[in-house]
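Work out the full structure, taking the sequences as your base and the hints as a guide.
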Amino acid sequence: MAPIPGSGLAKGLAVTLRTMTKKSVTEQYPDVQPDLPPRTRGVIGLFEENCTVCMLCARECPDWCIYIDSHKETIPAATPGGRERSRNVLDRFAIDFALCMYCGICIEVCPFDALFWSPEFEYAETDIHELTHERDKLREWMWTVPAPPALDPGAEEPKELAAARKTAEKLAATQAAQTTPASQAAQTAPAAPTAPTAPTAPTAPVEQPEPPADRADTRPGPTEPPADRADTRPGPTEPPAGRTDAKPGPNPEPESGSNPESESGPNPESGPNPGHGPTASEGGAS
Amino acid sequence: MNDALDVALRLLIVFVVFLTFPLIVGQTEHKVMAHMQGRLGPMYAGGFHGWAQLVADGVKFAQKEDVVPAGADRRVFQLAPAVALLPYLLVLVAIPIGPDEGAVGQVLDAGIFFVLAVMGVGVLGSLMAGWASANKFSLLGGLRTAAQLLAYELPMLLAAASVAMAAGTVSLPGIVDAFEWWWLPWQIIGAIVFFVAGLAELQRPPFDMPVADSEIIFGAYTEYTGLRFALFLLAEYAGIIVLCGLTTVLFLGGWHGPWGADGLGWVWTLLKSAVLAFIVIWLRVTYPRLREDQLQKLSWTLLVPLSLAQIALTGIVKVVIQ
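Those protein sequences? They're chains A and S, same order as listed.
For what it's worth, my numbering labels the leading residue of the first sequence as 10, then goes sequentially.
For what it's worth, my numbering labels the leading residue of the second sequence as 1400, then goes sequentially.
Treat each hint with caution, since some may be false.
To be verified - SDA-like cross-link-like pairs, simulated, lysine to any residue; straight-line CA separation at most 25 Å:
id: 1; chain 1: A; residue 1: K31; chain 2: S; residue 2: G1446
id: 2; chain 1: S; residue 1: K1430; chain 2: A; residue 2: L26
id: 3; chain 1: A; residue 1: K32; chain 2: S; residue 2: K1430
id: 4; chain 1: S; residue 1: K1459; chain 2: S; residue 2: G1440
id: 5; chain 1: A; residue 1: K20; chain 2: S; residue 2: L1705
id: 6; chain 1: A; residue 1: K20; chain 2: A; residue 2: T30
id: 7; chain 1: S; residue 1: K1696; chain 2: S; residue 2: A1708
id: 8; chain 1: S; residue 1: K1459; chain 2: S; residue 2: T1427
id: 9; chain 1: A; residue 1: K20; chain 2: S; residue 2: L1701
id: 10; chain 1: A; residue 1: K31; chain 2: S; residue 2: F1677
id: 11; chain 1: A; residue 1: K146; chain 2: A; residue 2: P128
id: 12; chain 1: A; residue 1: K31; chain 2: S; residue 2: A1444
id: 13; chain 1: A; residue 1: K32; chain 2: S; residue 2: A1433
id: 14; chain 1: S; residue 1: K1696; chain 2: A; residue 2: G17
id: 15; chain 1: A; residue 1: K20; chain 2: S; residue 2: P1687
id: 16; chain 1: A; residue 1: K31; chain 2: S; residue 2: T1427
id: 17; chain 1: A; residue 1: K31; chain 2: S; residue 2: H1448
id: 18; chain 1: S; residue 1: K1430; chain 2: S; residue 2: G1457
id: 19; chain 1: S; residue 1: K1430; chain 2: S; residue 2: S1613
id: 20; chain 1: A; residue 1: K20; chain 2: S; residue 2: W1681
id: 21; chain 1: A; residue 1: K20; chain 2: S; residue 2: Q1693
id: 22; chain 1: A; residue 1: K20; chain 2: S; residue 2: T1685
id: 23; chain 1: S; residue 1: K1717; chain 2: S; residue 2: A1577
id: 24; chain 1: A; residue 1: K20; chain 2: S; residue 2: T1427
id: 25; chain 1: S; residue 1: K1463; chain 2: S; residue 2: F1617
id: 26; chain 1: A; residue 1: K20; chain 2: S; residue 2: Q1436
Quick caveat, the hints were computed from the structure, so don't treat them as lab data.
Shown next as structure tokens:
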């Protein structure tokens, strides 16, 4: 059947009229900040306390836009007769955002979770040279890194959590076996909280319930964001639950001694966190 | 003395209407067009939803340099905007908005003749601008304007003639006085033809071939800047007011309405005109520009026959009901 003459014209009028009654999609940006998704690739923040100057990011960067300078420092032996250890100290970490193509490879490749995406985007400059941002600026952007999005309700338990829970249960079981059966009931109750929180609620990123005192601070450095941003930017104090590959998670076996190489971790300056890197890999493997 | 005061007051009111209503239509067009395209339109000027955008535009135009091209016919070039704008002011004087003596600038016995004749003069301004600019795009625009005037003045006149036949008078208040509600279906073809032809004469999209900015820059107005350019734009919006007012008076019964006290007839006129002005904007947003040959074809093969048929229908009905 041939269409009624003029029906196309009427259809056009209907389209414009319908559009007029709908809410317009205009973003009133300078007045109203855009509502950006948490994974927005705005700028790259540097969590420099985690950086070990391994240079992986600089080498993987397709644009060669990361500049890292460092020097070696020697740490005297901890025990008499021991070997001196050396560590890298970060002198300069700069990203040239005029070159950066926001591929995120540096962030993916960083084994120590020192680089993060931040949705911050208002860092335009009038001179292209000023787009090379140094470590202080990059560190400041860390405060703008949002908490990672929660896992799906039915999602698989993160590997770190699973590994940590398994070890904690094993530990509790051995401890229970060592004690007398009479006091077994009394022992299991206090042992339970040493296990990481049940992963049934993945929205709460790994809370270490009762960590040993010397390891209370697995993410050293600024655990307290500046007061003015504390509300919106949870920042790096909480390990992102969604990153299953690189996150160390709670080290469940600090005293077990099954992890000796962790004591000589590559991040000596982060004293309270010796097992950062290697533990992560082991936690993922186990 | 009293007469002089009366005339002065009427002219003043008409002049104020002439200056403000086009701005209102223009602002409405800004906002309606924006929302029809999913935008917000001007939001800053004046603070509240950009209500003062056109005022700001006017200030901007006033600040601009008034350039006359070296090769231009100076006198004609400078005169053209006034020729384009003034006819609409004159037409506005003759459009009645209410049944009383006081609701019209000047009652003219030959209202339709006056109105249509003077409206045609407005197109002359575009022609003058196109010819005097010494610019090929302007000249093309001017020629297209002329062709469009020739094509669309005829159906417009015929449609208006049909109403005049029905009412038995060419006076605008007389036509509205004679209006009955059933004229609406009776004259509907004429109304549409008149409105469409009027749009074409105003060079409003989708009939904006003469200014087609993607083809001939801005047609006859290419070389204009500053206030003279603003006058051309003002002429376009004043033309919308005039066209909507005339269509209301001729075809939609002016101050007649289903409800309303006697004193509020002018509200009906304004309301109907406002709805028509909205339709003008709506059409502009919705339809793409016609090609030049399509434009001519639409007039000669559709509008002229339709208006002739309307006249025939009017004549037949008129004879039958007598």
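For each hint, the structure was consulted:
no.	hint	verdict
1	A:K31 with S:G1446	holds (23 Å)
2	S:K1430 with A:L26	holds (13 Å)
3	A:K32 with S:K1430	holds (13 Å)
4	S:K1459 with S:G1440	holds (18 Å)
5	A:K20 with S:L1705	holds (23 Å)
6	A:K20 with A:T30	holds (16 Å)
7	S:K1696 with S:A1708	holds (17 Å)
8	S:K1459 with S:T1427	holds (20 Å)
9	A:K20 with S:L1701	holds (21 Å)
10	A:K31 with S:F1677	holds (17 Å)
11	A:K146 with A:P128	holds (15 Å)
12	A:K31 with S:A1444	holds (24 Å)
13	A:K32 with S:A1433	holds (11 Å)
14	S:K1696 with A:G17	holds (19 Å)
15	A:K20 with S:P1687	holds (14 Å)
16	A:K31 with S:T1427	holds (17 Å)
17	A:K31 with S:H1448	holds (17 Å)
18	S:K1430 with S:G1457	holds (17 Å)
19	S:K1430 with S:S1613	holds (23 Å)
20	A:K20 with S:W1681	holds (13 Å)
21	A:K20 with S:Q1693	holds (20 Å)
22	A:K20 with S:T1685	holds (10 Å)
23	S:K1717 with S:A1577	holds (13 Å)
24	A:K20 with S:T1427	holds (23 Å)
25	S:K1463 with S:F1617	holds (18 Å)
26	A:K20 with S:Q1436	holds (15 Å)
Figure legend: structure checked against the earlier numbered hints; every hint is met.
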